[in-house]
Amino acid sequence: MTVLPTFRQRAAEALADQRLRLAILDATTQRDAKRRAAWRDLPDVQALRLLARQIKDHTLDNLDHYLNQFIDNLRRLGVEIHLASSADDANAAVVAIARQFHCTDAVKAKSMLTEETHLNRALLDAGINVVETDLGEFLLQLDDDRPSHLTCPAVHKDLDACAETFARKLDVPFVADPHALVAIARKTMRDKFRSATLAITGVNCAVAESGTIVLVMNEGNGRFCTLAPRVHVAMMGLEKIVPSLADAAVMLKLLGRSATAQRLTVDTHFITGPRRDGELDGASHMHVVIVDAGRSDILAGTHRHVLRCIRCAACLNICPVYRSVGGHAYGGVYPGPIGKLLTPLLAGAPDAETLPHASTLCGACYEACPVMIDIPQLLIEMRRDQAARRRGPRWKPRLIRWAMWLARSPRRFVLTQRIVRRLLRPRSADEWISRAPPPLAGWTRAQRDLPAPPPKSFRQLWKEGRI
Amino acid sequence: MAHPIHGNRRLLDRVAEATNQRNMAPSPAHDENIIRTPIDEPLIDRFAAEAQAVGMSVSRTTEASLIDAIQSLRRTINDELTLVEPALAAHRPELKTLPRSLTHPDQDQLYAAELGIVGASAGIAETGTIVRDAGPGRPRSFALLPMTIIVVLDASTLLPDLYDALARHRPNQLPSETVLITGPSKSSDIGMKLVTGVHGPGVVHILIVQDA
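Chains as they are written, first to last, in the numbering used here: chain F, 565 to 1031; chain X, 380 to 591.
Each statement offered as a hint is correct.
In silico DSSO-like pairs for lysine-lysine, Cα to Cα no more than 30 angstroms straight-line:
| id | chain 1 | residue 1 | chain 2 | residue 2 |
| --- | --- | --- | --- | --- |
| 1 | F | Lys598 | X | Lys572 |
| 2 | X | Lys572 | F | Lys733 |
| 3 | F | Lys751 | X | Lys572 |
| 4 | F | Lys733 | F | Lys756 |
| 5 | F | Lys756 | X | Lys572 |
Coverage of chain F stretches by chain X, computed from C-beta distances (three or more under 8 angstroms per stretch; other residues unrestricted):
| id | segment |
| --- | --- |
| 6 | 615 to 628 |
| 7 | 785 to 791 |
Ranges between beta-carbon positions, derived for each pair:
| id | chain 1 | residue 1 | chain 2 | residue 2 | range |
| --- | --- | --- | --- | --- | --- |
| 8 | F | Arg583 | X | Leu445 | 46 to 54 angstroms |
| 9 | F | Arg640 | X | Gln589 | 36 to 44 angstroms |
| 10 | F | Arg947 | X | Met403 | 30 to 38 angstroms |
| 11 | X | Leu445 | F | Pro884 | 50 to 58 angstroms |
| 12 | X | Lys572 | F | Leu614 | 30 to 38 angstroms |
| 13 | F | Arg948 | X | Ser436 | 55 to 63 angstroms |
These are calculated hints, taken from the structure and not from any lab test. Ideal Cβ positions, reconstructed from N, Cα and C, are used throughout, including at glycine.
Let the sequences and hints guide you as you build the complete structure.
Here is the structure:
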């Protein structure tokens, strides 16, 4: 893995965009600080993380059992099940449901899985209009743009950019006032909710013992989607299961706090089957599409722990790489540290293989993960697997052998240090180098300064008795 | 009535192969000391403080003065068209006599109403959360469509923790929908600025009914 062309290109573009960098840095820094504060209000967050990890691992270890229990309960409730092995199967199932009920207009609540399967494109190709109802997703849909964050999809757009989009696409005056923009969206969307016959949602968590799907949202769109249209399709990855409602409580306590520093999101929504006799509203037909699309392979493989992920985005907000380049640089649907694992393992972007290398392995993501996914360790394993699968460039092992040879002898090591210092000191200003010579040029080209080597080495200082 | 399973059952076989567990280990035990947030004060005090912290208004009242409390809140929004939840009005007939209020609106009235007066199935003190189970006489829309809602919460239904709220029903007897409402509908998707009243209610008043 010598060249990382596409990730590098996208990252370079992102780094050159000052407006984007500021928006992302501001949003992620705030969100990460709030997440830490929210964790502190739990009686023992480390113990709770451990429990959440155990719950997820136990579920994954026995997933066939819990999946079957969930399916049995859904059938008892009168919910139709669709099993989809691939993204295409999943989309085809939704299109078939839409056709069965003659639905031409759909409303949709935010779902990363439907981004993964490109459901909107499949629906439009089938002549079904679909409107994203999450405000951020709605903005992106208007602009034909993609989400760049798991919980805050339009984080790469600042207020002016949002106002421009509204003015251009909805034919309203340009107003850089979030309240006015939300009022416009509320009015526009009400008619859509009311006239739609099909609602599409994701699933945050599926409870095996009761056949319940759980949705967490803040805007009210999830409740609206499942209230007015007569058909509700929920699409879920097969790893979303938890055994019991009590387990769901544990996951929810961590999810809200980790994602948005809320003890609970505004709407924490439990749906157990379709509308029942005597009820005035709610979908009368409910369908659940359970999607594999690579997940059973992950379950069988050595990266199983990534399936613990609850998509809270805490690892994005803390990641020095994400904070610098934002979500689009990752290419795939899932950005940030978890995306470096999920994208190569799931659908994959053209250069997915390069993603595990776009990490400093600093470990911050592991510390922020509510279900304790050891992302750095998994990234190392993924790099190792890649190296075993195919030969890298021949100079790389040679270079490493040469470096080992230098480092093994104190004399050679000191000599090397001296040469490097001679080479680099003249280029530094204020102890930083902003343009390094090859082979270090790549570091500074990516808009990073390199710390200059100190004037004297530790050994020299020691010899002079100054340490 | 069990529906057929559509699609390829091979998916389930693949999962079974991948898990490959023959003896199911017991699921991890829940130590409630690490799950529950300790609450030292009376539940009603904690509930009120938390609900206010997430942007809802809370007042305490009694059954006898409930109507007065509702009317004074209603005056602040000029007695606009109001939806009154049938189940809530069932044993409070005065609620049905409020001017410009409906228990059985048509679709246009439903979408035009500015205020919803609804009940709560329970409250969660830890988070200041309103718990609403759907059912006959308790339409989901009444607590969602109007910009302002008044929620009547019986103090005796207050629970300490989310954990308790999810243990109210047996797993095979859950209502078709339970929604936990923690604050007004909100978003900060636009320029990281917090705005309330996106698709759901922007103003939530809670009236806690205590014994006189």
